[in-house]
Amino acid sequence: MTTSLPFRAGLLSLVILAIFLGAWHIATAGSTPIANIDPEYAKLLGQTATQGKSAMPGPLDVGRALWTHLRDPFYDRGTNDKGIGVQIAWSVARVAAGYGLAILVALPLGFVIGMSALISRALDPFIQIMKPISPLAWMPLALYTIKDSGLSAIFVIFICSLWPMLINTAFGVASVRREWLNVARTLEVGPLRKAFTVILPAAAPTILTGMRISIGIAWLVIVAAEMLVGGTGIGYFVWNEWNNLSITNVIIAILVIGVVGMALDLVLSRLTRLVSYPE
Amino acid sequence: MSERFISIEGIARAYPAADGLPIAVFEDLWFSIRRGEFVCAIGHSGCGKTTVLNILAGLDEPSTGVVVVDGKGIEGPSLDRAVIFQSHALLPWKTVLGNVAYAVKSRWPNWSADKIKAHAEKALGVVGLSGAEFKKPAELSGGMKQRVGIARALSIEPKILLMDEPFSALDALTRGTLQDEVRRICRDTSQTVFMITHDVDEAIYLADKIVLMTNGPGAQIAEIVDNPLPIDRARTEVHKHPDYYAVRNHIVDFLVSRSKNFAEEQAARVAGGLPRNNRHPPVVRPLAAPALMPAATRAAS
Ligand SMILES: Nc1ncnc2c1ncn2[C@@H]1O[C@H](COP(=O)(O)OP(=O)(O)OP(=O)(O)O)[C@@H](O)[C@H]1O
Ligand SMILES: [Mg+2]
Chain D
1 MTTSLPFRAG LLSLVILAIF LGAWHIATAG STPIANIDPE YAKLLGQTAT QGKSAMPGPL
61 DVGRALWTHL RDPFYDRGTN DKGIGVQIAW SVARVAAGYG LAILVALPLG FVIGMSALIS
121 RALDPFIQIM KPISPLAWMP LALYTIKDSG LSAIFVIFIC SLWPMLINTA FGVASVRREW
181 LNVARTLEVG PLRKAFTVIL PAAAPTILTG MRISIGIAWL VIVAAEMLVG GTGIGYFVWN
241 EWNNLSITNV IIAILVIGVV GMALDLVLSR LTRLVSYPE
Chain X
1 MSERFISIEG IARAYPAADG LPIAVFEDLW FSIRRGEFVC AIGHSGCGKT TVLNILAGLD
61 EPSTGVVVVD GKGIEGPSLD RAVIFQSHAL LPWKTVLGNV AYAVKSRWPN WSADKIKAHA
121 EKALGVVGLS GAEFKKPAEL SGGMKQRVGI ARALSIEPKI LLMDEPFSAL DALTRGTLQD
181 EVRRICRDTS QTVFMITHDV DEAIYLADKI VLMTNGPGAQ IAEIVDNPLP IDRARTEVHK
241 HPDYYAVRNH IVDFLVSRSK NFAEEQAARV AGGLPRNNRH PPVVRPLAAP ALMPAATRAA
301 S
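If you read the protein sequences in the order shown, they are chains D and X.
Numbering follows full-length UniProt numbering, in which position 117 of the first sequence is assigned residue number 117; successive positions increment by one, without gaps.
Numbering follows full-length UniProt numbering, in which position 111 of the second sequence is assigned residue number 111; successive positions increment by one, without gaps.
Worth flagging that the hints you see were computed from the coordinates, not collected in a lab.
Cβ coordinates follow ideal geometry from the N, Cα and C atoms, glycine included.
None of the hints are false.
To give an idea of the interface, some chain D residues facing chain X are shown, with a C-beta separation under 10 Å as derived from the structure: (1) Arg177; (2) Arg185; (3) Thr197; (4) Ala204; (5) Pro278.
No farther apart than 25 Å at their CA atoms in a straight line, the calculated lysine-lysine pairs in the DSS-like style are these: (6) X:Lys159 - X:Lys115; (7) X:Lys115 - D:Lys194; (8) D:Lys194 - X:Lys94; (9) X:Lys94 - X:Lys135; (10) X:Lys135 - D:Lys194; (11) X:Lys135 - X:Lys122; (12) X:Lys117 - X:Lys159; (13) X:Lys135 - X:Lys115; (14) X:Lys117 - D:Lys194; (15) D:Lys194 - X:Lys136; (16) X:Lys72 - X:Lys209; (17) D:Lys194 - X:Lys159.
With the hints as constraints, model all of the structure from the sequences given.
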């Protein structure tokens with residue numbers, strides 16, 4: 001009764017985490033060695049089979065490895081040995097580039113679509129067909145035309161970020177309340193000033209919601225895209241560690257991807273709240 | 001007396017009905033407003049009052065007919081005609097001051113920020129909102145929002161003020177004060193006003209002429225009531241004037257019964273040899289007894 005809801009919720013979260021980590025630890029800890037086995041065969045199989053030790057790292061292994069990664073996240077020792085911070089920075093930079101380009105295209109185009117019923121109807125079939133295409137399906141085409149794997153990844157991010165922003169901007173602009181536009185009309189506000197002082201603030205929450213959806217999709221897609229194009233980035237890191245059979249590093253990468261994705265979403269949700277207005 | 005500052009000439013407005021055929025909300029409306037005159041329109045909900053006001057504002061266009069203001073046909077909205085909207089229409093992301101300042105800046109784009117702010121604050125002071133400048137519209141009561149709308153309209157010093165039920169959301173006390181305030185400002189500045197209201201007493205207190213509209217669809221101007229009360233009237237005193245009940249009863253009687261059955265009344269009148277001319281709706285000046293008939297009908301100008 002005396003403790004607040006956030007406090008109790010936080011406590012419960014910690015309990016759930018503890019249970020999860022405990023279960024993980026028990027599930028991956030070694031059991032009794034399997035006795036009756038041909039020693040030659042045991043050698044081939046390795047520890048996993050012979051000592052009952054799971055190939056799956058336990059939480060302590062992951063914690064230790066995470067600590068080494070976090071102590072030195074930005075080292076760079078050649079193509080296949082870069083700090084996890086460097087890899088994340090590559091991924092974030094690609095997302096930023098593709099996402100930024102998408103903003104530059106989606107906002108003005110969305111404005112035009114939202115303002116003109118004609119253009120809206122004319123472009124609608126194209127948008128409806130393009131929207132459901134998996135962004136990775138563009139990859140071969142991008143690699144073929146752009147001939148640069150890094151730029152192709154950026155293009156894929158661009159194309160997947162574009163649609164939610166475009167559709168939300170058009171919708172937000174088209175559904176600006178008539179009475180607000182009428183205020184601008186009776187005050188003889190010019191078209192450009194009207195766009196910036198009435199339509200943009202009125203549509204901003206809807207636009208930002210689209211941008212938030214876009215950043216989520218972009219972050220989902222960058223991992224897959226980098227697995228395909230290789231070289232750098234957190235997606236490539238995951239693939240590389242899988243090839244090294246380092247499940248520990250794969251788990252760490254998964255964790256980091258989740259944390260960064262959450263941070264990106266948090267930024268956009270803050271921005272959305274900033275431009276929201278109660279009616 | 002015959003000067004027509006605003007002249008509404010045979011306007012009609014039709015909307016497509018469910019069956020696709022256009023159906024006229026009102027048709028063949030004619031009336032005029034002199035410079036400095038305060039005209040109220042009264043009629044039941046849905047008879048097209050807001051539509052008429054929007055046409056005067058230039059936000060809507062009549063299906064037929066024209067509106068001439070100061071010798072020129074209306075072509076779209078203008079800063080000379082300020083609108084107080086029925087739904088406040090404040091920009092919710094701007095503060096109270098921001099909303100008024102936006103209008104001031106639109107009117108005088110070259111003014112300095114300080115001058116705009118000072119002017120907007122003055123307008124807010126007039127409607128008694130000093131101290132609420134930095135609130136957002138969502139934090140205001142309905143009455144306060146409406147007052148911001150009034151301040152915004154007054155701040156741009158328009159030639160014509162168009163008000164759509166500006167006092168309907170206010171409590172009796174605030175409404176009274178604001179009515180006084182608006183009436184004083186309009187008289188001091190010889191403001192030309194077209195106002196919609198549902199409140200008969202408000203119309204009698206404020207208006208020089210009261211336009212009575214019949215029910216829609218196909219609404220018409222039944223008649224124009226010439227307010228017999230003296231120009232110098234105090235809100236608290238109007239009901240003591242000998243002619244007050246004559247006017248009031250005439251309007252209430254219209255709203256309660258005549259507005260519905262106006263077509264029959266009209267037919268009876270025509271049958272009685274009194275043809276109707278929509279161009280000149282009858283002007284009525286209800287007076288107290290001894291004039292037994294409350295209506296002294298004469299032809300409109
Ligand atoms: N966009 C529209 N499409 C179809 N019909 C409309 C449209 N706008 C208004 N109308 C109709 O026109 C009529 C008049 O509307 P208006 O808003 O002018 O009424 P009003 O007299 O101001 O009513 P109130 O007193 O309730 O404000 C209504 O019957 C309404 O249904
Ligand atoms: Mg109305």
